[in-house]
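Novice: Single-letter residue listing:
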Amino acid sequence: MILVLASIADTHAAAFAGELPGSASVLTCNDLARGPSRLFHPNFSDSTITAAGRTICVREISAVLNLLPAVFAGELSMYPAEERAYQVAELRALLVFFLSALPCPVINRATPMSLTGPVQNPAAWIALADSAGIPLARLSAGSDRKGLLRGNGPSIEVSSIGGQVVTPSGTAADDYTRDLARRGNFDYLRALYRHEESGIRFLGADSYPDIRSPRNRAALRQYLLRVAA
Amino acid sequence: MILVWGLPQDPSTRAVSDWLRRWNAPVFFLNHAEIYRTAVSMTTQPRLSFEVTCGARSCRLEEFSAAYLRPYNYRDYPAPETASELPSKPAMVHHLISAWAEYTPALVVSRPSAEGTNQSKLYQAIEIRAAGFLTPESLVTNDPAAIGEFHARHGSLIYKSMSNVRSIVKELAAEDLEGKVLGPVQFQERIHGQNIRVHVAGEECFACAIETDGADYRYADSRLVPTSLPADVARRAVRLTRRLGLPLAGLDLILTPSGDWYCLEANPNPAFACFADADCVAQAVARLLLEARLPLREAPALSEA
Chain F
301 MILVLASIAD THAAAFAGEL PGSASVLTCN DLARGPSRLF HPNFSDSTIT
351 AAGRTICVRE ISAVLNLLPA VFAGELSMYP AEERAYQVAE LRALLVFFLS
401 ALPCPVINRA TPMSLTGPVQ NPAAWIALAD SAGIPLARLS AGSDRKGLLR
451 GNGPSIEVSS IGGQVVTPSG TAADDYTRDL ARRGNFDYLR ALYRHEESGI
501 RFLGADSYPD IRSPRNRAAL RQYLLRVAA
Chain G
477 MILVWGLPQD PSTRAVSDWL RRWNAPVFFL NHAEIYRTAV SMTTQPRLSF
527 EVTCGARSCR LEEFSAAYLR PYNYRDYPAP ETASELPSKP AMVHHLISAW
577 AEYTPALVVS RPSAEGTNQS KLYQAIEIRA AGFLTPESLV TNDPAAIGEF
627 HARHGSLIYK SMSNVRSIVK ELAAEDLEGK VLGPVQFQER IHGQNIRVHV
677 AGEECFACAI ETDGADYRYA DSRLVPTSLP ADVARRAVRL TRRLGLPLAG
727 LDLILTPSGD WYCLEANPNP AFACFADADC VAQAVARLLL EARLPLREAP
777 ALSEA
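Quick mapping for you: the protein sequence lines, in order, are chains F and G.
If you read the first sequence in my numbering, its first letter stands for residue 301, the second for the next number, and so on.
If you read the second sequence in my numbering, its first letter stands for residue 477, the second for the next number, and so on.
If you are wondering where the hints come from, they were derived from the structure by calculation, not from laboratory data.
All figures in this text were calculated on a predicted structure; none of them were measured in a lab.
A hint or two may mislead.
[Said to hold, decoys possible] Covered stretches of chain G, going by a simulated chain F footprint (3 or more residues, C-beta under 8 Å):
1. 497-507
2. 511-521
3. 567-578
4. 601-608
5. 614-628
Just so you know, even glycine gets a beta-carbon here, dropped at the ideal spot from N, CA and C.
Build the full structure now, drawing on both the sequences and the hints.
Specialist: The structure is reproduced here in structure tokens:
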């Protein structure tokens, strides 16, 4: 079974799960909070969860597509309002454990830093790319202003799934994206670059699987089916 | 140059800073309570560089060979009364310093990713077992029948947060569950034995036995006595600390009457100052920070400190 972990409001996720042949199910925080679940440590393989009303043994899960960037307090309406911030932290901790303990492929595996992987914020992507030796675009950020200043101009977007570039640009950006995915241990990665006078330069990245792009969607579907087989 | 980011009145921060001062180490102390006066900027040209300014003092983060980071929750400090007095946004200060700290080649005690490992206690439990310690059997459930079965199997259970929020351990009593709407809760078999706190700094271990009757020694009457660890247990403690990517950790161990060693959790930024051997831990941390400078500049002979 392929699990698609997503927000209850993510209609794209539900549609994507519906497109996967065989059994696939969407798992939401609402399922984890309300549906009976039994997660064991160290005997994790005996664990069960409930997704969309169905009890699933974790041994049945063959792959996970993680489309949940965060646990949203608004989805935890079953708790009193004053309890929700605490329950957000608890469910986040549960998900980090659950996604780490599963032996099957998880795209992308959560870390204690973030549910979408090891990088927390745009400045950290810049520092990661720099540590990988990828040339950086002209960028600046400061605590006295909002966000990252990166100027204008068209960007080049490259996505990598399972170590393969699925939207090649035919430039050095393809190799940079592969390097970055390897260094950060990302199954899915989307990186942005700009062509500056000195060459292709890194602008930013994210590791939240983009299923709205038809090309990425098809590549993710193919990859999931392959690794889940 | 060594960066220390924390509160001057925090005993652990002060203890490490005191040792660094005693060794005349060049230290840039960034007072976390002054976060509303602290500004951080990042530029990528001509190379990636971060600049920190606090009042009239400023420095470039890439000049540091080591850092000891013990920031607190800035929301605990009073903010300036008017927005115009705010030179920076504290959350951005944290983001930018964290971005540097995660990927710098400098020694960081501790990097944000390593520091984050106790945000999920069961994630840590996987690493603890991989390092060779036993961990208590745990169940996360919202199913009363499952709790009943687990309780019957283990006799006595404790329950505690899965995250590092409100992390207080309690022993389960039947009435605790009555009339409650349960979300997923973490239950653990209660392990009885000798509580031992171990601080690992690099390769060094400092152990302290804790005499207590409480389920959570932090909130019960307890007595701390320095002790030593068997060599193989010390090796496991160092291995675990390395697996978690931590140069410094506070491990909560239990030695059972049958001689088994359990590790309950690893504190990635321990407040070690209240334990026996606190001064030795502070000295070991300061030495780690100082030795990170060796490739850049000759360090003083530590034995003369």
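Novice: None of the hints should be skipped; say for each whether it holds.
Specialist: Here is how each hint holds up against the structure:
no.: 1; hint: 497-507; in the structure: violated (count 0)
no.: 2; hint: 511-521; in the structure: holds (count 8)
no.: 3; hint: 567-578; in the structure: holds (count 8)
no.: 4; hint: 601-608; in the structure: holds (count 3)
no.: 5; hint: 614-628; in the structure: holds (count 7)
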